[in-house]
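Order-wise, the sequence lines are chains A and B.
Taking my numbering, the leading residue of the first sequence gets -19, the next gets one more, and so forth.
Taking my numbering, the leading residue of the second sequence gets 30, the next gets one more, and so forth.
Hints are computed from structural coordinates only; laboratory data are not their basis.
Among the hints, erroneous ones may be present.
Simulated coverage check for chain B against chain A, where a stretch passes if three residues somewhere in it have a Cβ under 8 Å from a Cβ of chain A [to be verified]:
| no. | segment |
| --- | --- |
| 1 | 95 to 105 |
| 2 | 139 to 149 |
| 3 | 218 to 227 |
| 4 | 248 to 262 |
| 5 | 306 to 313 |
Restraint ranges, calculated between C-beta atoms of paired labels, are given here [unchecked claim]:
| no. | chain 1 | residue 1 | chain 2 | residue 2 | range |
| --- | --- | --- | --- | --- | --- |
| 6 | A | Ala210 | B | Glu219 | 26 to 34 Å |
| 7 | B | Glu219 | A | Arg19 | 38 to 46 Å |
| 8 | A | Ala257 | B | Lys176 | 32 to 40 Å |
| 9 | A | Ile0 | B | Lys148 | 29 to 37 Å |
| 10 | A | Thr168 | B | Val70 | 14 to 22 Å |
| 11 | A | Asp206 | B | Ser220 | 34 to 42 Å |
| 12 | A | Gly1 | B | Met223 | 33 to 41 Å |
| 13 | B | Ala226 | A | Leu100 | 50 to 58 Å |
| 14 | B | Glu219 | A | Gly62 | 53 to 61 Å |
| 15 | A | Phe178 | B | Val59 | 25 to 33 Å |
| 16 | A | Asp172 | B | Asn179 | 53 to 61 Å |
Computed far set for chain B versus chain A, every beta-carbon distance over 12 Å [stated by the list, open to error]:
| no. | residue |
| --- | --- |
| 17 | Ser44 |
| 18 | Trp47 |
| 19 | Leu48 |
| 20 | Arg51 |
| 21 | Lys108 |
| 22 | Ile127 |
| 23 | Ala158 |
| 24 | Ala164 |
| 25 | Gly182 |
| 26 | Phe187 |
| 27 | Ala193 |
| 28 | Ile235 |
| 29 | Pro238 |
| 30 | Leu239 |
| 31 | Ser240 |
| 32 | Ala245 |
Backbone N, C-alpha and C define an ideal beta-carbon position, used for all residues, glycine too.
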Amino acid sequence: MPDLSQFLTNQLPTLVVAVIGVPVVIGLYIVGLEFLVRRLPDAVQPRARPWIWVGPALVFVTVFLVIPLISTIWISLQDKHGTAFVGLSNYLAVLSDPAVLLTIRNNLYWLVLYTFFTLLFGVMMAVLADRVPYETPVKSLIFMPMAISFVAMSVIWKFMYSYQPPGATQTGTLNFLLTSLLHIDPITWIQDQRFNNFALIAVAIWGWVGFAMVILSAALKGIPGDLLEAARVDGAGEITIFRRVIFPLLMPTVTVVATTLIIFALKAFDIVYVMTAGNFDTNILAVKMYQEYFVSADPGRSGAIAVILLVAVIPVLVFNLRQFRAQEARR
Amino acid sequence: MSVMAQERIEAPAWSARWLADRLGGVALHVAVIGLTIAWMVPTLGLFVSSFRHLTDISNTGWWTALSPPFNFTVENYSKVLAQNNLGTSFLNSIMITIPATIIPAALAAFAAYAFSWMKFWGRDILFLALVGLLAVPLQLTFIPVLKMFNSVGLSGTFLGIWLAHTGYGLPFAIYLLANFFRSLPTDLFESAEMDGASTLTVFFRIVLPLSVPAIASLVIFQFLWIWNDFLVALIYLGGTPPVAPMTVTVANLVNSLGSGYHLLTAAAFLSMIVPLIVFFSLQRFFVRGILAGSVKG
Chain A
-19 MPDLSQFLTN
-9 QLPTLVVAVI
1 GVPVVIGLYI
11 VGLEFLVRRL
21 PDAVQPRARP
31 WIWVGPALVF
41 VTVFLVIPLI
51 STIWISLQDK
61 HGTAFVGLSN
71 YLAVLSDPAV
81 LLTIRNNLYW
91 LVLYTFFTLL
101 FGVMMAVLAD
111 RVPYETPVKS
121 LIFMPMAISF
131 VAMSVIWKFM
141 YSYQPPGATQ
151 TGTLNFLLTS
161 LLHIDPITWI
171 QDQRFNNFAL
181 IAVAIWGWVG
191 FAMVILSAAL
201 KGIPGDLLEA
211 ARVDGAGEIT
221 IFRRVIFPLL
231 MPTVTVVATT
241 LIIFALKAFD
251 IVYVMTAGNF
261 DTNILAVKMY
271 QEYFVSADPG
281 RSGAIAVILL
291 VAVIPVLVFN
301 LRQFRAQEAR
311 R
Chain B
30 MSVMAQERIE
40 APAWSARWLA
50 DRLGGVALHV
60 AVIGLTIAWM
70 VPTLGLFVSS
80 FRHLTDISNT
90 GWWTALSPPF
100 NFTVENYSKV
110 LAQNNLGTSF
120 LNSIMITIPA
130 TIIPAALAAF
140 AAYAFSWMKF
150 WGRDILFLAL
160 VGLLAVPLQL
170 TFIPVLKMFN
180 SVGLSGTFLG
190 IWLAHTGYGL
200 PFAIYLLANF
210 FRSLPTDLFE
220 SAEMDGASTL
230 TVFFRIVLPL
240 SVPAIASLVI
250 FQFLWIWNDF
260 LVALIYLGGT
270 PPVAPMTVTV
280 ANLVNSLGSG
290 YHLLTAAAFL
300 SMIVPLIVFF
310 SLQRFFVRGI
320 LAGSVKG
């Protein structure tokens, strides 16, 4: 294995240095600075100490998130070469570009369908699995796709969607089912513009139902059993109990899961990039942004698309902050 | 819930309600097992395909391999490891993931400790800002960070991607740990202080040992997140084989393999092995991380 010898001589030393050296540096930092702080006058200590502890994290967050965020907004107001201020013209150009409008439409598909179906299946699986004795393995298997990358999910589904012309033996699972059970022509899931966006969204739904299920299932276990029993004694059927008792109590959790799913739907990238590279009318904002920067070499437009993404997540961001504040108030 | 169901008065055998209960039970099992199987089929299909010969993969569906004559092979794995840089990528993924998990976890533990148990000017506003940053798409940061990396020679290096992942991982890591640290009883800190314990002693001897479950959740979460990351690696490492992780290499193979399409099955499975092992052995912690990570209502 040439890989291994190269690894042993080049990479392994780096890894050892990183795995041992990094914690040592971090440890020395905190012990060293604490040592210095204790030499300070008693009155100054409590004011200086917290900054030593939050300092490194704040530096990283500022350098990699806060400054770039502001900088991207500034870049979006400049021309392609970053030399002249052009005001909102990148936004006008981007928003009048049919290709970008298509990505916005597709992102709306993602937003609505992905969020809705992931929650629907998530609630369904949480409620159904709660009633069988083999709940744990079932949940584990549904949740499993969460552990693998979107790239691997895309490869898995490329094979599910694989297509052979009508009459030939179908090797893709879905087209095999279509032709042998329903006796209809196979579908080019990835190319056919009537289906392909939904086919890509289905991959993401498949991958993330486990996420919704796990959180909702935990919330479900938190509903007192007496409440359900009381409803049963009153003669309510299982469906009524779900609609009138369980679902309203799950609603706050559903909202929380929905915000996470919405953010994901807006910034989705991997599945579309790997499965279609944005072709066949499946492009989405994040992929378009990548293409504007790396293919068209236009940071201004790329930045403008990124800012559109930011504007789209602002309602969710505000909602999260409100939730957080309400939670703090209850402490 | 099953206990309660048993307590209900059984309807007389073969009455309408008895039948309805039985059929409902059967329908429930059919639905649960059916959905679970449907959920497993895609992964199972790829897994079976990865052990099939090229001619079999291109001529028949994977399900035909499940009936005799069995004709499996590990050729796809040996070929893809030998030809397509997959071995290097596997090691690269390790190189990227381990430090990019340790650094943010350590820094987040320090910060979360300060946020939960120290008073300082702007503390609440800063924490609120971190919660806000949880929702900001990373796409907003790529162009400036890449420019910065290019100017200091960090793009295409492991160090660069460790630093980037640290910055990106911190808001969530701090949020998760601070929530846990704050739930520790106040008495603990007061009595330690009265005993004259220093801040360092309290942190290393009391807070960290009590927080092992929370830290384990965070480490597993961050590990899987980085191992599975495609976009950040694609942007900052540029996808060149010497430094590309598994995700980038597999994504490249999707477009480049063409006639060697069958090798993709093995490549994808190799990229899934580590996360699947981590997931199935430490699932409990992973789930706890997910539950703690969502901003609760």
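Status of the hints after comparison with the structure:
no.	hint	in the structure
1	95 to 105	violated (count 0)
2	139 to 149	holds (count 8)
3	218 to 227	violated (count 1)
4	248 to 262	holds (count 6)
5	306 to 313	holds (count 4)
6	Ala210(A) with Glu219(B): 26 to 34 Å	violated (43 Å)
7	Glu219(B) with Arg19(A): 38 to 46 Å	violated (25 Å)
8	Ala257(A) with Lys176(B): 32 to 40 Å	violated (25 Å)
9	Ile0(A) with Lys148(B): 29 to 37 Å	holds (35 Å)
10	Thr168(A) with Val70(B): 14 to 22 Å	holds (20 Å)
11	Asp206(A) with Ser220(B): 34 to 42 Å	holds (39 Å)
12	Gly1(A) with Met223(B): 33 to 41 Å	holds (37 Å)
13	Ala226(B) with Leu100(A): 50 to 58 Å	holds (52 Å)
14	Glu219(B) with Gly62(A): 53 to 61 Å	holds (55 Å)
15	Phe178(A) with Val59(B): 25 to 33 Å	holds (26 Å)
16	Asp172(A) with Asn179(B): 53 to 61 Å	violated (40 Å)
17	Ser44	holds (17 Å)
18	Trp47	holds (16 Å)
19	Leu48	holds (15 Å)
20	Arg51	holds (14 Å)
21	Lys108	holds (14 Å)
22	Ile127	violated (6 Å)
23	Ala158	violated (8 Å)
24	Ala164	violated (4 Å)
25	Gly182	holds (16 Å)
26	Phe187	violated (7 Å)
27	Ala193	violated (6 Å)
28	Ile235	holds (15 Å)
29	Pro238	holds (16 Å)
30	Leu239	holds (17 Å)
31	Ser240	holds (15 Å)
32	Ala245	holds (16 Å)
When each numbered hint is compared with the structure, violations occur for hints 1, 3, 6, 7, 8, 16, 22, 23, 24, 26, 27.
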